[in-house]
Amino acid sequence: MPIKDYIRERYFPHLWCSGCGHGIVLGSFLRAIQQLGLSKNEIVMVSGIGCSSRITGYVDFHTLHTLHGRALAFATGVKMGLPELNIIVPMGDGDALAIGGNHFIHTARRNIDITAIVMNNRIYGMTGGQFSPLSGYGIKATTAPYFNIDHDFDVVELATAAGASFVARTTTYHEKQLTNIITKAIQHVGFSVVEVLTQCPTYFGRKNDIGSAVDMMKLYKEKTTPRGSKAKKENPDLIERGIFVQKEMPEYCNEYNKIIEKAMKGH
Amino acid sequence: MGKVKLKEHIIRRDWCKGCGICVEFCPGTVLELDEMDRSVAVRLEDCICCKLCENRCPDLAIEVLTMGPDDE
Amino acid sequence: MMNENVKFFQGNETCAEAALYAGLDFFAGYPITPSSEIAEHLSHRLPQIGGKFLQMEDEIASICAIIGASLTGHKVMTATSGPGFSLMQEALGYAIMTEIPCVIVNVQRGGPSTGLPTHASQGDVCQTQWGTHGDHAIIALTASNHQDVFAMTVDAFNLAETYRTPVILLFDEVVGHMRERLILPKKGEVPLVKRLRTSVEGGVDYHPYLPREDGRLPMSDFGGVHRYNVTGLFHDMWGFPSDNPRIVQDLLHQLVDKINNNVHQIARLKEYYLEDATTILISYGSSARSALHVVENHRLRGDRLGLLELQTLWPFPYGLIREKCVNAKYIVVVEMNMGQILREVKMAVDQPEKVFLANRIDGVFITPMDIRNLLGLIQGKGV
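Protein chains in written order, with our numbering: chain A, 450 to 716; chain B, 39 to 110; chain C, 680 to 1062.
Keep in mind that the hints were calculated from the coordinates and are not lab data.
Certain hints may be false.
Quick partial rundown of chain C residues pointing at chain A, CB under 7 angstroms, derived from the structure [claimed, not checked]:
| id | residue |
| --- | --- |
| 1 | Gly790 |
| 2 | Pro791 |
| 3 | Gly902 |
Lysine-lysine pairs mimicking DSS-like chemistry, simulated, CA-CA at most 30 angstroms apart [claimed, not checked]:
| id | chain 1 | residue 1 | chain 2 | residue 2 |
| --- | --- | --- | --- | --- |
| 4 | B | Lys45 | A | Lys489 |
| 5 | C | Lys865 | A | Lys714 |
| 6 | A | Lys453 | B | Lys89 |
| 7 | A | Lys489 | B | Lys41 |
Since the model is a prediction, treat every value here as computed from it, not as a measurement.
For each residue, glycine too, the CB sits at the ideal point set by N, CA and C.
Isolated chain A (complex conformation) (with noise of 0.2 angstroms):
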């Protein structure tokens, strides 16, 4: 089952622009599917609103294209409501911390089983090149002309301090590291973050001179480097990538189901 027959091919080309990071992330997540044979029915894929979020309408799954910020929320409706469906919840940086943030500490409190990714490209591109609030100290957008005072919060250390039970981030340069982390998140069960470098040449590169995608991805590579690794150590600035949170906590769902039992047998 090539990617192909996941895909509404009817809508290609895509709409995002020449070298974004999404179709990348789009293709990686594909093949994760694709490497778990899961049959596209049972997949509901919840997004928010921007250029990330479209992805939904890309994809032959069960798609909902919610509102900005609240695609977990949705999610959660969906996944309460018929548990054995896997919940794939794609969402821009800006979506899912900035407005999105209080449905994200909650979701991955709740540690239900919807895996959440976190396409990162620090701006927010669909409005045209905000600083978003994963941009960073000192970068400049459009909403940002002299330089960026707001500081950026780490988003692994966020999921992790608010439960998520699986957390973990990589770039769409390291491809083959992202298929197999979302393959991974997919079988967690609980919720997972997967959180993705993804380059946004038009605004984010073009804004800070960094140059075209190609540039973008080549710092992906040079600016990261495996968690743990003897790099990190002699080069803090590093930005680790891996696996930084797999345990086994208790689903939501599943403590729901306890509730129902208690409740049916007192009735």
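With chain A fixed as given, assemble chains B and C onto it according to the hints.
Chains B and C in isolation, oriented as in the chain A frame:
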């Protein structure tokens, strides 16, 4: 496992947006952007079927088909 | 022996039980006075029938969760009050655009802002119609006593399924919190509208947004054989984004006309002594309790007073109101806000100048005495 042999290298010109990622990261410099900024395989004989181009293509425009057992 | 169907329920409790009677099996909510009892009751009752209760992190998450659950085939509800209802507006518009059945209860309290959490008002009436942005239609029902709270709640679920739309139950703190006698209908006694699912088999082209001749829109549950897209963007019959002017116009008309062209089928109201009434009180919700008291009292003294109690607020039954009030000398709208239904009644009748307002906006429940004093003033008899 014997050396994988290329069966067909497909590029959907109408999907390719000419970002050059495949050209840059192909270990065999098989690909180039033509005058329309579309990716084209110009040295197919150097293709080692590593599929880096296919897997890193943001437009899902490339498909590398390799010889299967019954393709001899 | 007391018939075991006779209960002494709180209003909120009645709404919760009525929802279960209607087939509710998924509720998501967030605590807020004066509606929290609905969530508390359902957190206890839903698991007993294998249903699901979710307390979410805020009201936005609550309404988003029930929309998601509705797509997997559940009958869903959330309950809130003013401040939460304001937070829910964007998602309410989403449920309207995507035509997903769901019930939203707003147990009104004093507004605006934090207002009067433990006091009643009916100040969210216009927000219920125009709270979310853009042209749209909405169904909103209300009730003045627990028997009607039960009936309107079941009706809300039936209308949500029939028109594939969100339905708002606009109650208030007085009815919500007071206890009153209620006769629980037996199973099967009140007709229920089941979720209409498509009969199109797998592999055959299914159009989630192409209505049948009768206007109904058969659904297909997520997880089923039909894979389609749901989006808040304007969309074609398959659910994919489109800004084609023809498609946009047709869809907007579909969303609005499917409700506003069925005003009479959706209209619910009660009439008391209207036949020969010269002064007609128009009221709804808990205010109608006091209005009815005044009417019955005046009738004892031979005054030709009548009451028209509205149970459907939106779509507003302009035609019915005009027809029923055509002979009235005075029309007095009795409500606990600054005239939000008064405005609609003035638009409905042919002589707006004969429409007056008997209201209370200080958080205190409007009493028969308040209404009687205002009637006196209106009729030139003084207090």
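Hint numbers contradicted by this structure: 1, 2 and 7
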